[in-house]
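Here the protein sequences come in this chain order: A and B.
Numbering follows my numbering, with no gaps: position 100 of the first sequence is 316.
Numbering follows my numbering, with no gaps: position 30 of the second sequence is 408.
Think of the hints as simulated: they come from the structure by calculation, not from any bench.
Heads up, a few of these hints could be off.
Within a straight-line C-alpha distance of at most 30 Å, the following computed BS3-like cross-link-like pairs (lysine-lysine) qualify [said to hold, decoys possible]: (1) B:616 to B:380; (2) B:381 to B:616; (3) B:616 to A:221; (4) A:357 to A:340; (5) A:504 to A:470; (6) A:357 to B:381; (7) A:499 to A:470; (8) A:499 to A:464; (9) A:273 to A:221; (10) A:504 to A:464; (11) B:616 to A:273; (12) A:340 to B:616.
Just some of the chain B residues that point at chain A, by a computed CB distance under 7 Å [unchecked claim]: (13) 384; (14) 392; (15) 399; (16) 425; (17) 427; (18) 466; (19) 468; (20) 471; (21) 472; (22) 475; (23) 479; (24) 515; (25) 598.
Built from N, CA and C at the ideal position, the CB exists for glycine as well.
Letter by letter, the chains look like this.
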Amino acid sequence: MIDVKNLTKWYGRVLAVDGISFHVERGSIVGFLGPNGAGKSTTLKILTCYLPATGGKVTIANHDIFTESMEVRRMLGYMPESVPLYPEMRVVEYLNFRARLRDIPGSRRQAEIDRVAERCWLSKPENMLRRRLGELSRGYKQRVGLADVLLHNPPVLVLDEPTIGLDPAQIRSMRELIQSLAGEHTVILSSHILAEVEQTCTHLIIIAGGRIAATGTPGELRDRVTGPSRIIAEVRGEDEQATVQAAKTIRGAKEIQVSSQGNWRRLLISSEQDADIRGEVFKLAGQKGWQLRELRREIGSLEDFFVQITYEQNLQAGLWKSAARA
Amino acid sequence: MKKMLTIAQRELAGYFFSPLAYGVGAIYLLCCGIVFFHGLDAFGIPPVFETGREPTMRPLFEMMASATVVVLPLLTMRLVSEEFSSGTIETLMTAPISDAQVIIGKFLSVLGFFAILLAASLFYVILLSIYGSPDAGVTVSGYLGLLLLGGAFISVGLFTSTLTGHQLLAAILAMVILSVFTALAWAVVAFAPQPWNVIAVRFNALSYFRDFARGVFDTRGLVFFLSVAVFFLYLSIKMLESRRWR
Ligand SMILES: Nc1ncnc2c1ncn2[C@@H]1O[C@H](COP(=O)(O)OP(=O)(O)OP(=O)(O)O)[C@@H](O)[C@H]1O
Ligand SMILES: [Mg+2]
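Chain A extracted, bound-state conformation (with noise of 0.2 Å):
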């Protein structure tokens, strides 16, 4: 649905996007992550028309956003990162100012303001439609900005932070309202919160310093960060070599790092891919006759691995500048 091909954008001298490339499939969630100043927002305004690309080339069902930009404006609803809006107008009123813009009919523009209203949660209180825009607060704005974009139907939605500053309630509606779009329309949205997109999309993007740092599924992404999986147990009962000599003997066992508290020995052992020893663990300490008070496998959390990754990426941005100064 929508092809990006070696995208880059210089601001005057900054390189806020460095030829980054990726593909999204129709009816998928994009999430596109990355820390501060990473180039999503840019990204998402050369996607949507807004600002021109320096270089590559970037298609939406077919067709170019340079050369067709009228058909792939018709085809997008795109709400902006700060949600601009016009204060003396109101809530009703841009809608419709809105629909006239897109070519909705007359005769079908009320009944998409009430959909959208519905689906937006702006219907509830009775006078919502008639308040004006400049009174709004910053999370029924957000809920405006959200049903201006549905208006019209779009089969491609591009969101620029759309969680932001909604309350947790909102939140949760709104990623339920996100995930009900999948199929029917094809959604990019970018954040900075990963425990947020996680659940909400199918493709995770990453990106940092105006690279992609990493794609993939959540689920391949956390695969990717837990590695070889660590195994926590505090035992008692031997000292610390003793300890260590009898866990090494655990099948799957790769590395084991020990510490202790009083009589109670903390062991760390990593272990295998998808190994999951604990059972092992647990046996042992049976046969030695320790007593066990802690047994966990930890996993990496996604969060940790955006974390680094982003961290890197800056780390090689950095070396990559200096470099180029020397």
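Using the hints provided, position chain B with the ligands relative to the given structure of chain A.
Same frame as chain A, now just chain B with the ligands:
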């Protein structure tokens, strides 16, 4: 076409929520009133509404034309500038609407607002015709001239509004450009030597307008105002488009 009117309608409605537009409109009409009843001694403009004087709107028209140099930039400054500073330009330009539709729609909205101001000034015409019988031809051609001059000046203001996100800067730039077409052109005609004053005559918007105010329909004036309007509208569209190339 329909989208152009959609834009124009939204902008025009915006003027009715803008205290600035009300203020500017009120002051404009007030100035008309002062000239109408008292004249302006400092500029040697006699009152229009005085017993024993020929009933003509001419002095009032000339004042109305000169005042547009200040009044219209104050009305046009927000047109594109505000979209830049508030960020609404992003949602506007990612909707399926062409740059030309946006620019012409915005142009029409100010022209509409200006026309409403002119319509309000018809009050003075009515007052004059109750007590005398002003020449209908002069009145019609005067208003036509004001609309043409207004259209040209509005397109200048619209253009400067596409240059910057700072409204006041846009207004000041527009006033500077309009002063070139009025005060500077006048000064050059009056004081500069041979080749320059002949050229400047062609760029003096107010002298073209004076013909209309006298009731003389001059195609040179018509051509001048229309070409200024088209030229600056074209520049505005190009400015907005250039965003896509930068
Ligand atoms: N209009 C601009 N002019 C110059 N540089 C810009 C402009 N907009 C963005 N940048 C730069 O481009 C880089 C990427 O910015 P971008 O807004 O795309 O980041 P982001 O990933 O959306 O960040 P955030 O999470 O803070 O929203 C940053 O270094 C930023 O300073
Ligand atoms: Mg951003």
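Results for each hint:
Using a Cα cut-off of 30 Å, the hinted pair residue 616 of chain B and residue 380 of chain B holds, with the two alpha carbons roughly 21 Å apart. In summary, the hint linking residue 381 of chain B to residue 616 of chain B is supported, as the alpha carbons are separated by about 19 Å, within the 30 Å threshold. For the proposed pair residue 616 of chain B and residue 221 of chain A, the alpha carbon gap of about 28 Å is at most 30 Å, so the pair holds. In summary, the hint linking residue 357 of chain A to residue 340 of chain A is supported, as the alpha carbons are separated by about 15 Å, within the 30 Å threshold.
Of the supplied pair hints, the one linking residue 504 of chain A and residue 470 of chain A holds, its CA atoms being roughly 20 Å apart against a limit of 30 Å. Under the criterion of a C-alpha separation no larger than 30 Å, the hint pairing residue 357 of chain A with residue 381 of chain B is consistent with the structure, at around 24 Å. Only pairs whose Cα atoms come within 30 Å are accepted, and residue 499 of chain A paired with residue 470 of chain A is accepted, the gap being roughly 18 Å. Between the alpha carbons of residue 499 of chain A and residue 464 of chain A the distance comes to roughly 14 Å, so the proposed pair stays at or under 30 Å and holds.
In summary, the hint linking residue 273 of chain A to residue 221 of chain A is supported, as the alpha carbons are separated by about 5 Å, within the 30 Å threshold. Taken as a hint, the residue 504 of chain A and residue 464 of chain A pair is honoured in the structure, with Cα atoms around 13 Å apart against an allowance of 30 Å. Between residue 616 of chain B and residue 273 of chain A, the direct Cα distance comes to roughly 24 Å. Compliance with the 30 Å bound is thereby established for this hinted pair. About 44 Å separates the Cα atoms of residue 340 of chain A and residue 616 of chain B, which puts this hinted pair outside 30 Å; it is violated.
Hint on residue 384 of chain B holds. Least Cβ distance to chain A is approximately 4 Å, under the 7 Å limit. Here the hint on residue 392 of chain B is kept, as its CB sits about 6 Å from the closest CB of chain A, short of 7 Å. At its closest, the beta carbon of residue 399 of chain B sits 11 Å from a beta carbon of chain A; the interface hint therefore is violated under the 7 Å criterion. At about 39 Å, the closest approach between the beta carbon of residue 425 of chain B and any beta carbon in chain A exceeds 7 Å, and the interface hint on this residue is violated.
Using the Cβ-Cβ criterion of 7 Å, the hint placing residue 427 of chain B at the interface with chain A is not satisfied: the shortest such distance is roughly 37 Å. Here the hint on residue 466 of chain B is kept, as its CB sits about 4 Å from the closest CB of chain A, short of 7 Å. With 7 Å as the threshold, the beta carbon of residue 468 of chain B comes within range of chain A, its nearest partner Cβ sitting at about 5 Å, so the hint holds. The interface hint given for residue 471 of chain B is met, as the beta carbon of that residue sits about 6 Å from the closest beta carbon of chain A, less than 7 Å.
Taking 7 Å as the C-beta cut-off, the interface hint given for residue 472 of chain B holds, the closest approach to chain A being about 5 Å. Hint status for residue 475 of chain B relative to chain A: holds, with the closest Cβ pair at about 6 Å, below 7 Å. For residue 479 of chain B, the interface hint is violated, since its Cβ never comes within 7 Å of a Cβ in chain A; the closest pair sits about 9 Å apart. About 41 Å separates the beta-carbon of residue 515 of chain B from the nearest beta-carbon of chain A, more than 7 Å, and the hint is not met.
About 39 Å separates the beta-carbon of residue 598 of chain B from the nearest beta-carbon of chain A, more than 7 Å, and the hint is not met.
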